[in-house]
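Undergrad: Throw the hints in and build the complete structure from the sequences for me.
As you go down the protein sequences, you meet chains B and D in turn.
For the record, in the first sequence the residue sitting at position 143 is 148 according to the working numbering, with numbers rising by one throughout.
For the record, in the second sequence the residue sitting at position 37 is 42 according to the working numbering, with numbers rising by one throughout.
It is possible that some hints are incorrect.
Because identical chains share one entry, a pair is satisfied inside a single copy or across any pair of copies.
BS3-like cross-link-like pairs, simulated, lysine-lysine; straight-line CA separation at most 30 Å [said to hold, decoys possible]:
id, residue 1, residue 2
1, Lys199, Lys109
2, Lys196, Lys109
3, Lys204, Lys101
4, Lys106, Lys11
5, Lys196, Lys115
6, Lys97, Lys33
7, Lys55, Lys66
8, Lys97, Lys204
9, Lys131, Lys106
10, Lys55, Lys204
11, Lys115, Lys11
12, Lys196, Lys24
13, Lys115, Lys127
14, Lys101, Lys199
15, Lys18, Lys33
16, Lys199, Lys24
These are calculated hints, taken from the structure and not from any lab test.
Number of protein chains: 2
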Amino acid sequence: MRSLLKKTLDGRKIILASKSPRRQELLKMLELDFEIRTKETDESYSENLKGAEVARYLAEKKALAFQGELNADDLLITSDTTVCVDDQILNKPENKEEAMKMLKQLSGRKHEVITACALFSKEGLKVFHDSTEVHFRELSLEEIEHYVDGYAPFDKAGAYGIQDFIGAIGVDRIHGSYYTVMGLPLHLLYKELKNLLEKK
Amino acid sequence: MRSLLKKTLDGRKIILASKSPRRQELLKMLELDFEIRTKETDESYSENLKGAEVARYLAEKKALAFQGELNADDLLITSDTTVCVDDQILNKPENKEEAMKMLKQLSGRKHEVITACALFSKEGLKVFHDSTEVHFRELSLEEIEHYVDGYAPFDKAGAYGIQDFIGAIGVDRIHGSYYTVMGLPLHLLYKELKNLLEKK
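TA: Encoded structure:
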């Protein structure tokens, strides 16, 4: 089967700058061939930034880390996912206690998940983002502990993956895109790739 | 890792009556061991039934087809997914033309996906359902044809899978559970299994 995007992408090399197997799996849904190239980036940000600004800032920072290293036909995709509750940002938990604390905070209420992407190439830098509201029912302590012990969600902002056990049993509804919560706003990424490449 | 549900499920044999690989994948997220047992069921229903009633009726019908065949410790799970738009139910498309017609009808608007489940065992029959609103942006004819030709969605009510290419590029938001759209309302199924087994 010929890919829809590949027609416009002819000759371009797509590079995904993410170690996340979830993001790699998501990008494959767009029928793209791509390579993975990762770089350690300092993920600190100014406290003046709020919600989407943080995700956008970090996606851009991850892209600019490749400045001077891209070839003329390279098209780099970076992204950052931020979990916000009560105007507070939940980062990746450092240990079991922090993970359990985050899940207790998310239990029985809604929060916001923002994923920003940056596209970096000879056409320049383009940053965009999408936001989804996620609602957890009340989680029991047993469920939270079982999840943290069994799934070790230490690489995940907010200490959970919606595609994991806790997302299956605990998330009763979302408002927005599921893929944005998983780590890539695929509908926007597709649109932006199409726009970028049709303008060539 | 010990399953949370298995503790209460001790000694029960879970049977999923579905050929759908998606449903099998979803049920695994609840950390359950189960076997697949399928039976051809006539999926016709009275025209007097609307939306959720159809899904509930068919889930129950699929369960009752096993009457007299279950052992004392068997717990059967059946389900049915219904796609509704304009008070009309979209079934599985019979051919390319019908699939394309359905996707054109869903393009640029919202519709409702209802999945009903039945649990059938010595405790009796329990039917429940969940409903999710799905919104497609405007799809191009090229996108629709590419999807139908490449993914052959003839086993899918409404002619699409949200976990496929067309769901990735075309669904910009849902309101409800993603897993309900995929084919099992996992949060409800978990709750009902827990309730049923704790009452033992």
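Undergrad: Does each hint hold? Answer for all of them.
TA: Against the structure, the hints:
Taking the shortest alpha-carbon separations for Lys199 and Lys109, only the inter-copy value of 21 Å comes in at or below 30 Å, while the best intra-copy value is 41 Å. Within a single copy, Lys196 and Lys109 get their C-alpha atoms only as close as 36 Å, which misses the 30 Å cut-off; across copies the closest is 19 Å, which meets it. Neither within a single protomer nor between protomers do Lys204 and Lys101 lie at most 30 Å apart by alpha-carbon distance, with minima of 48 Å and 32 Å respectively. Proximity of Lys106 to Lys11 under the C-alpha cut-off of 30 Å is restricted to the inter-copy arrangement: shortest distance 26 Å between copies versus 44 Å within a copy.
Taking CA atoms no more than 30 Å apart as the test, Lys196 paired with Lys115 passes in both settings, with 28 Å inside one copy and 19 Å between copies. Taking the shortest Cα distances, Lys97 and Lys33 sit within 30 Å of each other both inside one copy (25 Å) and across copies (26 Å). In this assembly of identical chains, the alpha carbons of Lys55 and Lys66 lie at most 30 Å apart only when taken from the same copy (16 Å versus 52 Å across copies). For the identical chains of this complex, Lys97 and Lys204 are neighbours neither inside a copy (38 Å) nor across copies (38 Å), given an alpha-carbon limit of 30 Å.
Taking identical chains as interchangeable, the C-alpha atoms of Lys131 and Lys106 are never at most 30 Å apart, the minima being 35 Å within one chain and 36 Å between chains. Taking the shortest alpha-carbon separations for Lys55 and Lys204, neither the intra-copy value of 32 Å nor the inter-copy value of 47 Å comes in at or below 30 Å. Taking the shortest Cα distances, Lys115 and Lys11 sit within 30 Å of each other only across copies (29 Å), while inside one copy they are farther apart (38 Å). Taking CA atoms no more than 30 Å apart as the test, Lys196 paired with Lys24 passes inside one copy only; the shortest distance there is 23 Å, against 34 Å between copies.
In the homo-oligomer, the alpha carbons of Lys115 and Lys127 never lie at most 30 Å apart, since the shortest distance is 40 Å inside one protomer and 37 Å across protomers. For a Cα distance limit of 30 Å, the shortest separation of Lys101 from Lys199 across copies, 26 Å, qualifies, whereas the shortest one inside one copy, 42 Å, does not. Proximity of Lys18 to Lys33 under the C-alpha cut-off of 30 Å is restricted to the intra-copy arrangement: shortest distance 14 Å within a copy versus 36 Å between copies. In this assembly of identical chains, Lys199 and Lys24 lie within 30 Å of each other by CA distance solely inside one copy; the values are 24 Å within and 36 Å between copies.
The structure fails hints 3, 8, 9, 10 and 13 (numbered hints given earlier, in ascending order).
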